[in-house]
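If you want the building blocks of each chain, they are given just below.
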Amino acid sequence: MSNVLSFGTAAPEQILGEKEVIRVDGVWKSFDEGRIQVLSDVSFNVNQGEVIALWGSSGSGKSTLLHLLGGLDAADEGSVSVCGLDPAVEKNRLRLRREYIGFIFQLHNLLPDLTMRENCWIPAMASRLARQEVDQRFEELTSWLKVEHRRDRRIRELSGGERQRTAICRALMHRPKLVLADEPTGSLDEQNGEQVFKLLYELAKREQVTVVMATHERRFAERCDRHILLRDGHVDCRD
Amino acid sequence: MHFSKLVFLSLWRHRIRAAIGSAGIAFGVAAMLSVLSVVLGAIGMFEKILSTDSQYLVFEKNVSDLFFSSVPEDQVAEIRDMDAVAQANPILFGIVSAPDHPVITCFGLEDADPRLRDADWLEGSLQEWRQSEGGILLGSRAAEFLKAGSGDEVPIGRQSFKVAGIIATANGFEDGGVFLKLSSAQEFFNRPGVSSIVAIKLKDDADGDAFRNAVSSRYEGLMALENEEFQQSYSQFRILKATSWAVGVCAFLLGGMGVANTMLLSVFSRIREIAVIQVCGFSKPQVGTLIILEAVLLALIGTAVGFVVGLGILELLQSLPQLQGYIQTVTSPWVWLAIFVTAEVTSIVGSLYPAWYAMKIQPAEALRYE
Ligand SMILES: Nc1ncnc2c1ncn2[C@@H]1O[C@H](COP(=O)(O)OP(=O)(O)O)[C@@H](O)[C@H]1O
Ligand SMILES: [Mg+2]
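Quick note, the sequences are listed as chains A and B, same order.
For the first sequence, this note's numbering begins at 29 and goes up steadily by one.
For the second sequence, this note's numbering begins at 427 and goes up steadily by one.
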């Protein structure tokens, strides 16, 4: 059931509610030809500038839901709209990834033999952004993330916290509207996890970026603007 | 950072693997370069011998190899008397052997042959040779490898010949050869009264067609070809050229499989990374291009190394006394270009499947196992 809205000619931003970035409506998702039911009738909205926690235990379907939002997978039923586009449609995916969405993963998923700067260039390279603008953005973000002294270090020389900050930097390079973060603190110790969460939260607020962050940790879920609890395939939205 | 840097870094991270892939291409290039150089070099020299001071060659029709061609003396004389003909020089080819040198090309020539007149006489003189009784001339290189000088006796075949002079021509092939008087050669090779070919110089270039027609209508068994036509139609040359290209292409096929293998391995080990760059906005064509460009870079490095190695091999072959005069490095830019293009194309073809595989990677699947 693809979203009819995405076929309109109006600018996608104008189709959703004024401040709505994500609208998920009656989404079902299963694997193994229905044997593993992961999401059952999931619906929720996210507004512009919100930092939302997608909270649930391991295996509750957080990653699956993020994948649907990012166009890495398609729902069995129901509609998903991200920045006014249906991510299940092939031609929207590239546009979403290049213009609207930044991804952060539990494992940093950086290229270990490349430097921090080179890694952050990857989204810019894909979208052929202007060099000067990219360099400037990189300087700005790395200063903000307090890793400016590591800019030209290879990823394999960086600590876990520094790697995750690089991942945040890469996700924000192209000034996305929405960041999808899949357990960004999951591989870090308590102190580093705390720092990375704080940086991500503050940066999101500063840049007016919407964040959907999957986490299984209550301490982070409760500090987001809102959390969406995932349990047995159903959602439960709380403030 | 530029796309090309990503291409370079991707290879650099697995240098050993990249080097092995490159080596395949390098061997292909080196093989093709040396085989072609040897073959085209030999053909080139042969062509020069044939075309010295002549425009047409007359030889026996339908003969597979000029060594088997026979043109009888009386017909040579008749051709020489034709109005259009300025000069007709019969040459008898043969292979002789000397101790340690099983293959030496032998030329039976008349005294008046322009080849001798134009040669550089390092020892002896045309006059002395004319007067000598069954004396031979050595090409400069032949003199070197036979370690003989003017006045020495050289054993050739079952006979022994006295060296009457040493000559150098512009042509390496001739310099590795032995020159006999036509009559001595006919006797030595037991081919009385014949030559292999007649090199013809016409009074007027415009008479070419008339001359050719005259030869084929008057002599059932002969044909005349312009030098250029001859080079293209002479079957030995064609077979040699085809063989060398075939050997080269086989070498390249192996090289291409090497690239395919290297790139496939590279893609397999980078599935996660490829998924990540897709998530960062790389389109499928961009992913495919990345892989193909990596293969192109492999091929560029391989080609460069191959050219160096190939030239090294040729240098080595040229320094072997047994092969003196038979090898001439290919200098034609077209051959170099052809080798270069073949290397790149093979490499690109070899990277198509790996590129297709990379384009098919599903990020969700690849990123699932954290
Ligand atoms: N591609 C897949 N094939 C089969 N099962 C899957 C697939 N992706 C996820 N699952 C299953 O779906 C459930 C939810 O997974 P996931 O979304 O990764 O949970 P979470 O991120 O909350 O830990 C798990 O039981 C997992 O095994
Ligand atoms: Mg997960």
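It is possible that part of the hints are untrue.
[To be verified] With a straight-line Cα cutoff of 30 Å, these simulated DSS-like cross-link-like pairs (lysine-lysine) come out: (1) B:LYS627 with A:LYS119; (2) A:LYS205 with A:LYS119; (3) B:LYS627 with A:LYS205; (4) B:LYS667 with A:LYS205; (5) A:LYS119 with B:LYS431; (6) B:LYS667 with B:LYS431; (7) A:LYS226 with A:LYS174; (8) B:LYS667 with B:LYS627.
What the hints contain is simulated information worked out from the structure, not anything from laboratory work.
**Prompt:** Given the hinted pair B:LYS667 and A:LYS205, is their alpha-carbon gap at most 30 Å?
**Reply:** violated (64 Å)
**Asked** Holds or violated: A:LYS119 with B:LYS431, Cα cutoff 30 Å?
**Response** Judged against 30 Å, a Cα distance of about 28 Å means the pair holds.
**Prompt:** Regarding the pair A:LYS226 and A:LYS174, is the alpha-carbon distance no greater than 30 Å?
**Reply:** At roughly 12 Å apart (the allowed maximum being 30 Å), A:LYS174 and A:LYS226 satisfy the hint.
**Request:** For the pair supplied as a hint, B:LYS627 and A:LYS119, confirm whether the alpha-carbon distance does not exceed 30 Å.
**Result:** Violated: B:LYS627 and A:LYS119 sit about 73 Å apart, past 30 Å.
**Asked** Regarding the pair B:LYS667 and B:LYS431, is the alpha-carbon distance no greater than 30 Å?
**Response** violated (40 Å)
**Item:** Pair hint outcome, A:LYS205 versus A:LYS119 [Cα-Cα no greater than 30 Å]
**Value:** The given pair, whose Cα atoms are some 19 Å apart, holds under the 30 Å limit.
**Request:** Starting from B:LYS627, check that the Cα of A:LYS205 is at most 30 Å away, please.
**Result:** violated (84 Å)
**Item:** Straight-line alpha-carbon gap B:LYS667 to B:LYS627, limit 30 Å
**Value:** Holds. B:LYS667 to B:LYS627 sits at ~28 Å (cutoff 30 Å).
In the structure shown, a violation is registered for the earlier hints numbered 1, 3, 4, 6, in ascending order.
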